[in-house]
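Q: Sequence:
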Amino acid sequence: MAIPVINFSKLNGPERAEIMAQIGNGCEEWGFFQELLERVKKVASDFFKLERGENFKSSMPVKLLNDLVENKSGNNLNNLDWEDVITLLHDNEWPSQTPGFKETMTEYRNELKKLAVKIMEVMDENLGLPKGCIKKAFHDGDGDNAFFGTKVSHYPPCPHPDLVNGLRAHTDAGGVILLFQDDVVGGLQILKDGKWIDVQPLSNSIVINTSDQIEVLSNGRYKSTWHRVLATSDGNRRSIASFYNPSLKATIAPAPQLVEQANSEANNEAYPKFVFGDYMSVYAAQKFLPKEPRFQAVKAM
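What the sequence shown shows, in my numbering, is residues 408 to 708, in sequence order.
Where hints are given, some of them may not hold.
Said to hold, decoys possible - Using 25 Å as the maximum straight-line C-alpha spacing, the simulated DSS-like pairs for lysine-lysine come out as follows:
#, residue 1, residue 2
1, LYS694, LYS706
2, LYS630, LYS680
3, LYS543, LYS448
4, LYS520, LYS448
5, LYS449, LYS543
6, LYS464, LYS602
7, LYS680, LYS558
8, LYS525, LYS456
9, LYS543, LYS525
10, LYS470, LYS449
11, LYS656, LYS680
12, LYS525, LYS706
13, LYS525, LYS558
14, LYS680, LYS706
15, LYS449, LYS520
16, LYS656, LYS521
17, LYS602, LYS656
18, LYS706, LYS630
Keep in mind the hints are simulated off the structure, nothing from the lab.
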């Protein structure tokens, strides 16, 4: 069976629905069975109910929003998100009180990692690069040094969604993002031609998002996309974002073949060469700011 070839550059255009359907079909062909996704939804929902339900009520976003409304200042909460989140890594502590959580999420993460590798191979082919080129860059050569993490998020109903974001607008720092978003409660938007566009929930599908390092490696062919999550007054929105990122020691630069295609001299490349760990240091302070100055800042390091 051939790997499905999907033109990711059309995700933000009029053919978005068709491309999204192709991604959905590809996920099913490569192991994303409905039964597994249904189990993932269940354990994520159970976790936030059993282990986190009361925590958010006493969290900083709730406190600051209540203070803002009580003081009637007319301001918005621009520096925080209406989000409850945990991050799953291979070596950190996972929830232990929710039945089936660890087993289900371990299986899910294994499948997502396989899919991320296949997506990178599709990108290699579409960009005219040797098979494994992007993966090799992420791993800083041969071996298994890339970083894979999973962020499990809950966006509770917000009493004043006009005053706070579910998740502030940003581009992602790393490589390939695979998002299993809520198929009932919306809120995810992408920025296209200066306008925010809703990403409609699709049942049991994976949304693929290319991030800053893919933009650099592709020499700008694949742009990292600005996106955000709106706070909503109704429903509990849950999403699970898995990210396949370069090793912190990996050197990231535009693929030489793509620089040649653009008729650019090596010392005049639009994107600099840098170590990903250095980029993350810049990103930590500038996540919600324009991405172009981040590239320039890391160039000077």
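Q: Compare the structure with each hint and give your call.
A: Outcome of the hint check:
Under the criterion of a C-alpha separation no larger than 25 Å, the hint pairing LYS694 with LYS706 is consistent with the structure, at around 17 Å. For the suggested pair LYS630 and LYS680, the alpha carbons sit about 17 Å apart, so the restraint of at most 25 Å is met. A C-alpha spacing of about 32 Å is found between LYS543 and LYS448, which places the hinted pair above 25 Å, so the restraint is violated. For a cut-off of 25 Å, the pair hint linking LYS520 to LYS448 stands: about 18 Å separates their Cα positions.
Of the pairs offered as hints, the one joining LYS449 and LYS543 is violated, with about 35 Å between alpha carbons and a cut-off of 25 Å exceeded. Between the alpha carbons of LYS464 and LYS602 the distance comes to roughly 33 Å, so the proposed pair goes past 25 Å and is violated. With a CA separation close to 28 Å, the supplied pair LYS680 and LYS558 exceeds the 25 Å bound. Our distance criterion of 25 Å between C-alpha atoms is broken by LYS525 and LYS456, whose separation comes to about 34 Å.
With a C-alpha separation of about 13 Å, the suggested pair LYS543 and LYS525 falls inside the 25 Å cut-off, and the hint holds. Taken as a hint, the LYS470 and LYS449 pair is broken in the structure, with Cα atoms around 29 Å apart against an allowance of 25 Å. The suggested pairing of LYS656 with LYS680 holds, with an alpha-carbon distance near 13 Å, which does not exceed 25 Å. Between LYS525 and LYS706, the direct Cα distance comes to roughly 30 Å. Violation of the 25 Å bound is thereby established for this hinted pair.
Taking the CA atoms of LYS525 and LYS558, the gap is near 21 Å; set against the 25 Å cutoff, the hint holds. Our distance criterion of 25 Å between C-alpha atoms is met by LYS680 and LYS706, whose separation comes to about 7 Å. As the CA atoms of LYS449 and LYS520 are separated by approximately 21 Å, the hinted pair is consistent with the 25 Å bound. A C-alpha spacing of about 22 Å is found between LYS656 and LYS521, which places the hinted pair at or below 25 Å, so the restraint holds.
With a C-alpha separation of about 36 Å, the suggested pair LYS602 and LYS656 falls outside the 25 Å cut-off, and the hint is violated. Taking the CA atoms of LYS706 and LYS630, the gap is about 19 Å. The hint holds against a cut of 25 Å.
Hint compliance for this structure: hints 3, 5, 6, 7, 8, 10, 12 and 17 are broken, all remaining hints hold.
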